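> Residue-level listing of the chains:
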Amino acid sequence: METVKKRIKPDLNIEIMGLKFKNPVIAASGTFGFGREFSKFIDPGLLGGIALKALTLEPREGNKPPRIAETPSGILNSVGLQNPGIEYFLKNELINVKKYNTVIIANIAGNSISDYCGISKKLSATSVEAIELNISCPNVKEGTVFGSTPEGVYEITSRVREVCGKPLIVKLTPNTADIAKNAMAAERAGADAISLINTILGMSIDIHTERPVLNANYGGLSGPAVKPIALRMVHQTASCVKIPVIGMGGIMSGDDAIEFILAGASAVMAGTANIVNPTLCYDIIMGIERYLSDKGIKSVKEITGKLVMN
Amino acid sequence: METVKKRIKPDLNIEIMGLKFKNPVIAASGTFGFGREFSKFIDPGLLGGIALKALTLEPREGNKPPRIAETPSGILNSVGLQNPGIEYFLKNELINVKKYNTVIIANIAGNSISDYCGISKKLSATSVEAIELNISCPNVKEGTVFGSTPEGVYEITSRVREVCGKPLIVKLTPNTADIAKNAMAAERAGADAISLINTILGMSIDIHTERPVLNANYGGLSGPAVKPIALRMVHQTASCVKIPVIGMGGIMSGDDAIEFILAGASAVMAGTANIVNPTLCYDIIMGIERYLSDKGIKSVKEITGKLVMN
Amino acid sequence: MTAKLLYEEISSIERLSERIYMMRIKSEHISKSSKPGQFVNIRCCEGNELLLRRPISICGTDIQKGTFDITFMVKGKGTQYLSQRKPGETLDIIGPCGNAFELSENYKNVLVAGGGIGIFPLLYLADMIRHSNKCSLIGFKSSSEIVMLDRFKTCSNKVGVCTDDGSAGEKAFVTELLEKELNGKIKWDIIYACGPYEMMKKVHMLSAEHGIKCQVSLEQRMGCGIGACLACACKIKCRGSKGWTYKHVCKDGPVFYSSEVIWE
Amino acid sequence: MTAKLLYEEISSIERLSERIYMMRIKSEHISKSSKPGQFVNIRCCEGNELLLRRPISICGTDIQKGTFDITFMVKGKGTQYLSQRKPGETLDIIGPCGNAFELSENYKNVLVAGGGIGIFPLLYLADMIRHSNKCSLIGFKSSSEIVMLDRFKTCSNKVGVCTDDGSAGEKAFVTELLEKELNGKIKWDIIYACGPYEMMKKVHMLSAEHGIKCQVSLEQRMGCGIGACLACACKIKCRGSKGWTYKHVCKDGPVFYSSEVIWE
Ligand SMILES: Cc1cc2nc3c(=O)[nH]c(=O)nc-3n(C[C@H](O)[C@H](O)[C@H](O)COP(=O)(O)OP(=O)(O)OC[C@H]3O[C@@H](n4cnc5c(N)ncnc54)[C@H](O)[C@@H]3O)c2cc1C
Ligand SMILES: Cc1cc2nc3c(=O)[nH]c(=O)nc-3n(C[C@H](O)[C@H](O)[C@H](O)COP(=O)(O)OP(=O)(O)OC[C@H]3O[C@@H](n4cnc5c(N)ncnc54)[C@H](O)[C@@H]3O)c2cc1C
Ligand SMILES: Cc1cc2nc3c(=O)[nH]c(=O)nc-3n(C[C@H](O)[C@H](O)[C@H](O)COP(=O)(O)O)c2cc1C
Ligand SMILES: Cc1cc2nc3c(=O)[nH]c(=O)nc-3n(C[C@H](O)[C@H](O)[C@H](O)COP(=O)(O)O)c2cc1C
Ligand code: FES
Ligand code: FES
Numbered sequence: 632m633e634t635v636k637k638r639i640k641p642d643l644n645i646e647i648m649g650l651k652f653k654n655p656v657i658a659a660s661g662t663f664g665f666g667r668e669f670s671k672f673i674d675p676g677l678l679g680g681i682a683l684k685a686l687t688l689e690p691r692e693g694n695k696p697p698r699i700a701e702t703p704s705g706i707l708n709s710v711g712l713q714n715p716g717i718e719y720f721l722k723n724e725l726i727n728v729k730k731y732n733t734v735i736i737a738n739i740a741g742n743s744i745s746d747y748c749g750i751s752k753k754l755s756a757t758s759v760e761a762i763e764l765n766i767s768c769p770n771v772k773e774g775t776v777f778g779s780t781p782e783g784v785y786e787i788t789s790r791v792r793e794v795c796g797k798p799l800i801v802k803l804t805p806n807t808a809d810i811a812k813n814a815m816a817a818e819r820a821g822a823d824a825i826s827l828i829n830t831i832l833g834m835s836i837d838i839h840t841e842r843p844v845l846n847a848n849y850g851g852l853s854g855p856a857v858k859p860i861a862l863r864m865v866h867q868t869a870s871c872v873k874i875p876v877i878g879m880g881g882i883m884s885g886d887d888a889i890e891f892i893l894a895g896a897s898a899v900m901a902g903t904a905n906i907v908n909p910t911l912c913y914d915i916i917m918g919i920e921r922y923l924s925d926k927g928i929k930s931v932k933e934i935t936g937k938l939v940m941n
Numbered sequence: 632m633e634t635v636k637k638r639i640k641p642d643l644n645i646e647i648m649g650l651k652f653k654n655p656v657i658a659a660s661g662t663f664g665f666g667r668e669f670s671k672f673i674d675p676g677l678l679g680g681i682a683l684k685a686l687t688l689e690p691r692e693g694n695k696p697p698r699i700a701e702t703p704s705g706i707l708n709s710v711g712l713q714n715p716g717i718e719y720f721l722k723n724e725l726i727n728v729k730k731y732n733t734v735i736i737a738n739i740a741g742n743s744i745s746d747y748c749g750i751s752k753k754l755s756a757t758s759v760e761a762i763e764l765n766i767s768c769p770n771v772k773e774g775t776v777f778g779s780t781p782e783g784v785y786e787i788t789s790r791v792r793e794v795c796g797k798p799l800i801v802k803l804t805p806n807t808a809d810i811a812k813n814a815m816a817a818e819r820a821g822a823d824a825i826s827l828i829n830t831i832l833g834m835s836i837d838i839h840t841e842r843p844v845l846n847a848n849y850g851g852l853s854g855p856a857v858k859p860i861a862l863r864m865v866h867q868t869a870s871c872v873k874i875p876v877i878g879m880g881g882i883m884s885g886d887d888a889i890e891f892i893l894a895g896a897s898a899v900m901a902g903t904a905n906i907v908n909p910t911l912c913y914d915i916i917m918g919i920e921r922y923l924s925d926k927g928i929k930s931v932k933e934i935t936g937k938l939v940m941n
Numbered sequence: 084m085t086a087k088l089l090y091e092e093i094s095s096i097e098r099l100s101e102r103i104y105m106m107r108i109k110s111e112h113i114s115k116s117s118k119p120g121q122f123v124n125i126r127c128c129e130g131n132e133l134l135l136r137r138p139i140s141i142c143g144t145d146i147q148k149g150t151f152d153i154t155f156m157v158k159g160k161g162t163q164y165l166s167q168r169k170p171g172e173t174l175d176i177i178g179p180c181g182n183a184f185e186l187s188e189n190y191k192n193v194l195v196a197g198g199g200i201g202i203f204p205l206l207y208l209a210d211m212i213r214h215s216n217k218c219s220l221i222g223f224k225s226s227s228e229i230v231m232l233d234r235f236k237t238c239s240n241k242v243g244v245c246t247d248d249g250s251a252g253e254k255a256f257v258t259e260l261l262e263k264e265l266n267g268k269i270k271w272d273i274i275y276a277c278g279p280y281e282m283m284k285k286v287h288m289l290s291a292e293h294g295i296k297c298q299v300s301l302e303q304r305m306g307c308g309i310g311a312c313l314a315c316a317c318k319i320k321c322r323g324s325k326g327w328t329y330k331h332v333c334k335d336g337p338v339f340y341s342s343e344v345i346w347e
Numbered sequence: 084m085t086a087k088l089l090y091e092e093i094s095s096i097e098r099l100s101e102r103i104y105m106m107r108i109k110s111e112h113i114s115k116s117s118k119p120g121q122f123v124n125i126r127c128c129e130g131n132e133l134l135l136r137r138p139i140s141i142c143g144t145d146i147q148k149g150t151f152d153i154t155f156m157v158k159g160k161g162t163q164y165l166s167q168r169k170p171g172e173t174l175d176i177i178g179p180c181g182n183a184f185e186l187s188e189n190y191k192n193v194l195v196a197g198g199g200i201g202i203f204p205l206l207y208l209a210d211m212i213r214h215s216n217k218c219s220l221i222g223f224k225s226s227s228e229i230v231m232l233d234r235f236k237t238c239s240n241k242v243g244v245c246t247d248d249g250s251a252g253e254k255a256f257v258t259e260l261l262e263k264e265l266n267g268k269i270k271w272d273i274i275y276a277c278g279p280y281e282m283m284k285k286v287h288m289l290s291a292e293h294g295i296k297c298q299v300s301l302e303q304r305m306g307c308g309i310g311a312c313l314a315c316a317c318k319i320k321c322r323g324s325k326g327w328t329y330k331h332v333c334k335d336g337p338v339f340y341s342s343e344v345i346w347e
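Chains as they are written, first to last, in the working numbering: chain A, 632 to 941; chain B, 632 to 941; chain C, 84 to 347; chain D, 84 to 347.
Okay, chain A solo, but in the shape it has when bound:
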């Protein structure tokens, strides 16, 4: 028998890394651009935050098309870090994206540790609120080099930490045998938060052309298909580190987000959801609110990590 609780408007605010988010739903890097295109469909100010498309020191053209393929309840992408470079971004995009009344997270990638340090230094002098270290992109050759072993994670995180004047999020790759070890390495090296998962390396084949669908052959899998894997990794990670965990992988609804939050995520990101529907992040926020309200829970903070194991 359910007891009917009084309906309340729950508090969706969270504070992590010393930053205030109006709600725990952040657009995941690479799926929301720099916000421009989406602002025609949804007020980005409704979101908790935006993780921008990965930035590199120099402009990058990315991979040859086709860059996207559909798989059962998932998508494979091999965009490969196409971006206009940090300078262009600072000159032409930052001012626009800062107009949106939300937390701006710069996602950065590079070929070498000194690349990462260089970008971090530049961004530290700007108005972006936090930096997300993308050491986990499966779509560029060097992408996972730094991110796949605890030693690699430790090294790059601590080096960036030294020069980074912003809250530092380390984004982990799921293409590893033991995610918790990598997370702990990031924590030890001074990360302020962990985000996961990036995409899982996958492949799709066109049986008529007898070639991989993606021109890059392999790509990164995201979307609901990966949700059970992501959820398990978020749970493993949140059980091992004290810093906040930002969970993602296949979140398409408020209920999905709640699963991640119960598993230990302080905030969530939604990526593929934006590609499916440019306003879906808002539905996710409303869904979280409805769940809390139905259960009579006052604040989303109350349920982070509330999962009871069997």
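Source of the hints: derived by calculation from the structure; they are not laboratory data. Certain hints may be false.
To be verified - Under the rule of at most 30 Å between Cα atoms (straight-line distance), these lysine-lysine pairs were calculated in the DSS-like manner:
id, chain 1, residue 1, chain 2, residue 2
1, D, 148, D, 115
2, B, 695, A, 926
3, D, 115, C, 160
Said to hold, decoys possible - Okay, the calculated beta carbon distance ranges per label pair:
id, chain 1, residue 1, chain 2, residue 2, range
4, D, 322, A, 796, 34 to 44 Å
5, D, 281, A, 841, 16 to 26 Å
6, D, 280, B, 755, 51 to 61 Å
7, B, 930, D, 322, 21 to 31 Å
These numbers were taken from a predicted model, which means no experiment stands behind them. Ideal Cβ placement from N, Cα and C applies to all residues, glycine included.
Keeping the supplied structure of chain A fixed, place chains B, C and D with the ligands upon it in accordance with the hints.
Same frame as chain A, but now just chains B, C and D with the ligands:
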């Protein structure tokens, strides 16, 4: 423009590990029992082979229920090796399953290398056609101990090899950073074939009870959701070893099977498909035949590893 | 008798309450061979997003017309899908599955106790018991969820209704009605029960106290539904050192004697 | 002008040939604001099994009635789903997307060259060009796939039809018909082309040889369809050391001047 090729009835026979299979579709371990229940729906003699439910030295009760959960285009299971033990099997099940006119593969699991050796020895004296070493079950604590590192794989495979008088298939876990290394270790240690992938560790949460759906908390993900990951791993493996690769993970149709075969699989297994529909393996076989026939390809053997990379 | 994989046509679908639907399905095979307590296992999606079949009890058959009925409550995506089907469409069904309730002409006085969606197989059961004195006790959350009351009245000698919130019938649990009946004058020969786990556990305890046979229909999350995947385990007593073993709801059940079950 | 996320009602669906369907959809916004060459991006599944929207060209509008048309060939699961929709159902659509063909009153003599599913946006285009001499050249695999021929005849001054197998019209490729027209008497001002990549490449080469402007509508696998995910890259010439950059079909296209495109 397509040129219309003459329709032919393609040859689906394959021969691997010195064994003849009438077609390359094998029921995957744990999803077809010992064939009894399925024989009411489909003649098991239509299949290329059957990999039996995992056998252990002693009977096992398996995990507490719930043992299964549905995820987007996938299922999580935590059956946990429930089986009547090798003795019971030899006395009561083997004779029945051998009646089916198809290749019988015994899937074995254990707590220690000597368990595996013990079962292998026993099975070597029987009429099963091959042994599949399940060193990759995520649903028992010790399950992946042997299977997650190249050293572990090498050790257990070579020890079993010494006592195993049957063709030996090593079934790899996807819960690893570098699948190809594990495959090469198995090959070096004397495996006759590699099968992959077993299930991927995942989790699903009931947001109303605030507990994992599975009583075992984590379970193994299978079904179409994992197909892109499985396909990539099969491709990586087939590119690295000379022994045959048996590919699986989300195969639900002939076209899915063709993807795996193009990627380098000499044969395929279908697991979740059987759970969805007890006759689906037959549809997969017919689908392979139709594809070959449409393309005017004489034998399925011609397309193994035919994939052209971009 | 044996379960078959069938593609059968829906002949009608009716909404009984906000979340409960009754569907009539054409099927020679199932209408002829099914027995109360058995279920069908239904694919609930086009494509492969929802892979697992949904087990739904058979709640009546019409052998002449070659149809059978199911009644279901919309819970998640699968039952949602079912509720949106239209007559003329086909469903992918495996059935009849599992073991039926054990009927006997020796059972002169029969108690039927059901809660929530558990009442559906019991209606079929009550319908099929012809020559006994039948008392049906059925419980609902609230008046808005009451369905099939008339049909229970038609086929039972006595019907007791209760709701959790007292909005209709007695404000009580089914097990309280049951306790009253057990303490009454009639000597009951058997209790058949289906409903939430805690309810059935209580029914079992009452049956044991009163020394009356009791059969229950268990639920468990299923994979194959045919006894092969070993997903739907339930703890059943057996000889041997542990005293129990995992049997399987889909094949060894869903109906068990309550005394066989290890209630936890 | 700007693309919107819309839930619109299907007003009719018609099967034009074995695999080709025309669907009319009610949409104030799209009927009013769309231009030839633009497309809509349609969700093609309930649930989340097929995540990517399918881009389909707008092939006509009726501003009075507030409807627009799409015509599509069933290729895989997404277009299969579309083909099974019924009038009265709603579709989840983003549109109108992308940039239109550039029309001008200065183009007195206009060539329209389409192959296969490429003819659908061109019909809309030919319909909208009012004051020019229009010659439409359309190619199909075989006679069984010929659709919309009458409509092309209605809105063009001349129509050339060919099939790959000669089962109707000339046995030729569209580019061969085009070559003849280019070698003829009329001085063409522009070529608009849409069809398979190899066809458009050839059209581009012919346009360059003859010094005639040419616009093509490119295809690429898409994610968001709104210019954010960067999936739908195409190589377009630009200044700078490399001489090219990746632009995006959904936002910078699908229509480009063929001379801008790096043909590979
Ligand atoms: C033998 C048996 C007979 C049943 N008979 C009926 C009936 O006659 N009428 C009726 O309304 N319901 C019946 N149920 C319960 C019914 O199977 C579930 O309500 C249904 O599976 C829920 O599916 P869903 O997609 O709507 O819900 P979801 O919660 O989205 O389902 C997710 C998964 O959990 C499984 N699941 C959820 N609830 C249950 C449950 N209670 N038991 C088993 N699996 C579950 C689903 O099958 C599915 O695999 C029966 C269950 C069993 C085991
Ligand atoms: C700008 C544009 C306009 C188009 N206009 C039309 C039209 O008017 N009529 C028509 O019939 N078709 C048109 N197409 C092609 C149409 O988008 C594809 O045929 C359709 O997406 C196939 O989906 P499917 O699920 O049936 O096939 P599947 O092969 O199962 O699709 C799998 C994935 O590949 C993508 N894909 C497959 N083929 C193409 C393709 N040719 N171009 C882009 N993506 C593809 C799908 O969108 C999907 O993401 C257009 C394509 C583009 C890019
Ligand atoms: C098209 C696309 C582009 C992406 N680009 C980036 C990127 O630039 N940097 C990054 O850290 N992650 C990138 N990702 C990964 C997502 O941010 C996210 O980690 C992943 O998709 C899993 O979440 P989802 O299932 O909600 O999409 C990209 C994902 C997609 C689908
Ligand atoms: C219910 C279930 C039980 C399984 N039991 C076993 C097992 O006993 N031994 C084993 O090696 N693999 C087992 N597996 C793994 C499958 O054999 C297969 O590797 C995996 O499911 C991926 O293939 P699929 O996507 O076709 O199911 C099991 C899978 C399922 C779904
Ligand atoms: S559901 Fe597979 S054994 Fe019962
Ligand atoms: S499809 Fe996303 S940028 Fe074009």
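> If a hint holds in the structure, say so; if it does not, say that too.
Hint-by-hint comparison with the structure:
no. : hint                      : in the structure
1   : D:148 x D:115             : 10 Å, holds
2   : B:695 x A:926             : 29 Å, holds
3   : D:115 x C:160             : 37 Å, violated
4   : D:322 x A:796: 34 to 44 Å : 36 Å, holds
5   : D:281 x A:841: 16 to 26 Å : 19 Å, holds
6   : D:280 x B:755: 51 to 61 Å : 57 Å, holds
7   : B:930 x D:322: 21 to 31 Å : 54 Å, violated
Hints 3 and 7 from the earlier list are contradicted by this structure; the remaining hints agree with it.
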